[in-house]
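Chemist: Produce the entire structure from the sequences given, and follow the hints as far as they go.
Line by line, the protein sequences are chains A and B. For the first sequence, counting from 1, position 21 maps to 21 in our numbering; every step adds exactly one. Numbers given in our numbering equal positions in the second sequence, counted from 1, plus 1000.
Source of the hints: derived by calculation from the structure; they are not laboratory data. Bear in mind the structure is a predicted one, so any value in this text is a computation, not a measurement. Glycine included, every Cβ here is placed at the ideal spot set by N, Cα and C. There may be inaccurate statements among the hints.
[To be verified] For lysine-lysine, the following DSSO-like pairs were computed, each having C-alpha atoms within a straight-line distance of at most 27 Å:
no.: 1; chain 1: A; residue 1: K83; chain 2: A; residue 2: K32
no.: 2; chain 1: A; residue 1: K32; chain 2: B; residue 2: K1162
no.: 3; chain 1: B; residue 1: K1162; chain 2: A; residue 2: K83
[To be verified] Example chain A residues on the side facing chain B (calculated, C-beta under 7 Å, incomplete):
no.: 4; residue: D31
no.: 5; residue: A38
no.: 6; residue: L41
no.: 7; residue: K71
no.: 8; residue: V75
no.: 9; residue: N86
no.: 10; residue: F89
no.: 11; residue: F91
no.: 12; residue: L92
no.: 13; residue: F93
no.: 14; residue: A107
no.: 15; residue: L108
[Claimed, not checked] Far from chain A, by Cβ distances over 10 Å, these chain B residues were calculated:
no.: 16; residue: L1121
no.: 17; residue: I1126
no.: 18; residue: S1143
no.: 19; residue: E1189
no.: 20; residue: V1211
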Amino acid sequence: MSTSVSEHQHPSRGEDLAADEFGEHHHGATDKQYIIIALILAAITAGEVSISYIDVGPLFLPALLIMMVAKFVTVVSYFMHLKFDNRIFTFLFYLGLSLAVFVYCVALATFQFFSR
Amino acid sequence: MSDAGAGRPADEKTPGEGAPDLGNEPADTTNTVTETIDEIPMGGVPEPGATPTVDTGEERTHLTDMPEETADRDAHGGDAGTTGISNNKLAMWLFLGSECLLFGGLISTYMLYRGRHSGSLGPDQIYDLPFTSVSSFVLLMSSLTMVLAVSSVARGDIRNTKLWLCITALLGATFVGGQVYEFTTFYREGLGFTTSLFSSSFYTLTGFHGVHVTVGIIMLLALVGMVSRDRVTGDRSEVVELVGLYWHFVDIVWIVIFTLVYLIPA
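Modeler: Here it is in structure tokens:
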């Protein structure tokens, strides 16, 4: 009973304890994993730049946006530890982000940006 | 120097010390207030119907019964209050959420005005994509070194923490240097701040980002100084993580700017 109360009120502590059982430190990822993630991000960046020089037709814009979102989410999830941290941080950040994207899309639509 | 107070308890007041004695207060006011404060449990006033807790030396079953060192700190050493979440980290995430609105506004303004450069230099004529790609790579790698600094401080490895923080600041300075070079080149080619709506929105957006990176570098260097003086140890190690959050945010903003401003043609 006492354990469940403590874990309920300290979710991040419970997650850290779980992470320690797998021999991982602090936030669940090792230095080696961080390096691998950075290499993946560098590869995606290289892909973004190269797609600007080759003609891929109508796939150009969606491909660029998908790669941008992939990089964004990877950095936020792993480097900013959002994947391993308390979910309220995820909620706060993505709520602010979604609000910003929505508001500015509406603003851009007002100026007929998307119909050009 | 008077030794009139020698031999008295530290909290005992005599007429003439501290608040003026108006002569109409009961003699035991100080003791009464102290006892009342002692009766209030940690975590604030209890809710109606809540079971009062008495420290009997038995197993602790409530968060507010935890020792002070544990109850007020989360697993990462931050001030956790009664929610189990670091207040500092919560504030940083809220700040970053609000920063999304700032950069969202600047990016939207640029998107609207990037085609407004009648007769003057436009995005397609002026951007140097290979140079900006290298700058982006440098900033991306600075995120790696920053996360390695956070990882090092979590392990208590002070030497590597300082090393990674210094490398992160160096990479950040390289990025800012590249941006200054880019601005200088654009200006010499005839693209001033007021040349067109495109140039104004471009300089404002990338300039604001550059200022954020510069502030991040200052914070990193301050952090190196704090670590060197052993002021970021144990419970205070969370400050490295908070600066790291800010730095990664600056990186993700550049990820968006790089794609929307530099890679997508006007």
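Chemist: Identify every previously stated hint that the structure contradicts and give their numbers, smallest first.
Modeler: When the structure is compared with the hints, numbers 11, 18 turn out to be violated.
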